[in-house]
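Enquirer: Spelled out, the chains give:
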Amino acid sequence: MADKRLTLDEFVSELDSGMTIGIGGWGSRRKPMAAVRAILRSDLTGLTVVSYGGPDVGLLAAAGKVAKVVYGFVTLDSIPTDPHFKAARQSGAIEAMEIDEGMFYLGLLAASQRVPFLPTRAGLGSDVMLVNPSLRTVLSPYDDGEELVAVPALRLDAAVVHVNRADAAGSGQILGPDPFFDELFLGAADRRFVTTERVVATDELAAGGPIQSLCISRLLTDGVLETPGGAHFTACVPDYGRDEGFQREYVAAAGDSDAWVAFSQRFLAIDEVDYQAATREAAVERATAKQAKQAKQAREGS
Amino acid sequence: MTGTMDTGVTRAEYCAVACAEVFRGDGEVMASAFGTAPALGARLARLTFAPDLVLTDGDAALVYGAPPLGADPSSLVLESHMPYRRVFDVVWSGRRNLIMMASQIDRTGNQNISAIGAWSRPKAQLVGVRGAPGNTVNHSTSYWVPNHSTRSFVEQVDVVSGVGYARAEAAGPSATKFHEIRCVVSNLGVFDFTTADHAMRLASVHPGVTVDEVIQATGFALVIPDVVGATRDPTPEELGLLRNVLDPMGLRDREVKA
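Protein chains in written order, with the numbering used here: chain E, 216 to 517; chain V, 2 to 259.
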């Protein structure tokens, strides 16, 4: 079997400006953030990002990497919206294709199945049909005569997803409760990348969880990247939950240009290993500050 | 006259009971409920008059029974795996009843969670249309608005995310086939669309709220029946479940005051 392991730099070198890139995960959950951070450090621009959007979209938009976003939502889950995405939409900095999240699923499925579209009721009557004038409906060829939305295939130049475990040949294991649409992102893409918490021997995959957790086959992968903590600050259960403190820091910094410069210098202008160290340090600082605040409150209360 | 003064029932508790009523008579469907009052309403219905209702854990599973708000995930008894991909199968099969939130709702039941202002260059980008377009043309959908005002109840929403009656009709039979906006519950009252032209009608006011307050807080002409009833009181059993079992920490009173 081929060894598909790559470094983050090799991953970035396989991408080009102007590409359409699918990013797996959902909201602020199991996002391939190490890969996103590698794109942030690169000179790539003009990307079309296709995502069940979370901070991946916000960070890429803030760094000026994005020409267009295809999404049904962009959310941080515990915080309803992403501040950078909001700002980019409100300033008109990015083009947008906003569709129903089920339409989004069918677009990926159509691309995976190599058909031009799939029909659905979703979208009918809504402004999704008005704000995306390229969307068409299709008339059923059968006696029912129904007119349905023809969701176009969301074909991707590249896709990247993050999983809990993978082997060097590209079989991936998702140990959390929801595989989301990662398999379809990979199926819809020409170049397919899986980042993982840990690369393990193939026999460790089935030993580490039920067969249903082995949901990414090597038929769907071209490159495997070992990125411990690679979903941070999004959730990657059962390996780790969302780093809510860091996510709040991200949101707070986004609201102020000086704070954002400081945040970027501290966390984004550095490589992945240093990022992981810097975020651990930040977690300790937050814990210390919290203890000091509680101690102060206790003193004032007594 | 019933009301907070007489019964001690809080406004939030009336809202929870009004949300529970949304699930009456549906049998074995998946209840999805966003916001505190809807989450309580679905649980209350499951424990009382809608025992076949299927609740979710808010993550990727269906759960047995009706766990309290904020229950430790490890304490839940799971019935079935329900990852998002499978949720769409349920949505499109119609075996679901949903209460969503609405940043804006209008006279014919269009809902907006996408953007305020023109979509092309919004004044405020919100979360996005999410599943609202697909939900509304596939299964019964209701809305929860905890802050009823002329900013949330508007003549015409800025971006039609959830599809209302007029828009569904204009889109044709494939849009209307499974379309139902059952009701809107706000912190002031309950509203439905059981009028000739599916214009929003005031169905009941929560005890302690006047019809005039509702009219003043609404940005369009509601249909007001000659006699407007009050949202029903919780039964003693329901009140006990709400206060002692489902929401002992009183999260409901943080969402809706008074």
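Incorrect hints may appear among the rest.
[As the list claims (entries may be wrong)] Quick list of in silico lysine to aspartate or glutamate cross-link-like pairs, EDC-like style, CA-CA up to 20 Å:
1. V:K178 x E:D473
2. E:K280 x E:E310
3. E:K505 x E:D473
4. E:K280 x E:E500
5. E:K280 x E:D292
6. V:K178 x E:D359
7. E:K301 x E:D473
8. E:K280 x E:D224
9. V:K178 x E:D358
10. V:K124 x E:E310
11. E:K508 x E:E496
12. V:K124 x V:E80
13. V:K178 x V:E156
14. V:K258 x V:D193
15. V:K124 x E:D486
16. E:K280 x E:D359
17. E:K283 x E:E361
18. V:K178 x E:E310
Since the hints were derived computationally from the structure, they do not count as laboratory data.
Enquirer: Determine for every hint whether it applies to the structure shown.
Expert: Hints, verified against the model:
{"no.": "1", "hint": "V:K178 x E:D473", "in the structure": "violated (53 Å)"}
{"no.": "2", "hint": "E:K280 x E:E310", "in the structure": "holds (12 Å)"}
{"no.": "3", "hint": "E:K505 x E:D473", "in the structure": "violated (24 Å)"}
{"no.": "4", "hint": "E:K280 x E:E500", "in the structure": "violated (31 Å)"}
{"no.": "5", "hint": "E:K280 x E:D292", "in the structure": "violated (23 Å)"}
{"no.": "6", "hint": "V:K178 x E:D359", "in the structure": "holds (12 Å)"}
{"no.": "7", "hint": "E:K301 x E:D473", "in the structure": "holds (18 Å)"}
{"no.": "8", "hint": "E:K280 x E:D224", "in the structure": "holds (17 Å)"}
{"no.": "9", "hint": "V:K178 x E:D358", "in the structure": "holds (16 Å)"}
{"no.": "10", "hint": "V:K124 x E:E310", "in the structure": "holds (15 Å)"}
{"no.": "11", "hint": "E:K508 x E:E496", "in the structure": "holds (18 Å)"}
{"no.": "12", "hint": "V:K124 x V:E80", "in the structure": "violated (43 Å)"}
{"no.": "13", "hint": "V:K178 x V:E156", "in the structure": "violated (25 Å)"}
{"no.": "14", "hint": "V:K258 x V:D193", "in the structure": "violated (23 Å)"}
{"no.": "15", "hint": "V:K124 x E:D486", "in the structure": "violated (36 Å)"}
{"no.": "16", "hint": "E:K280 x E:D359", "in the structure": "violated (46 Å)"}
{"no.": "17", "hint": "E:K283 x E:E361", "in the structure": "violated (32 Å)"}
{"no.": "18", "hint": "V:K178 x E:E310", "in the structure": "violated (34 Å)"}
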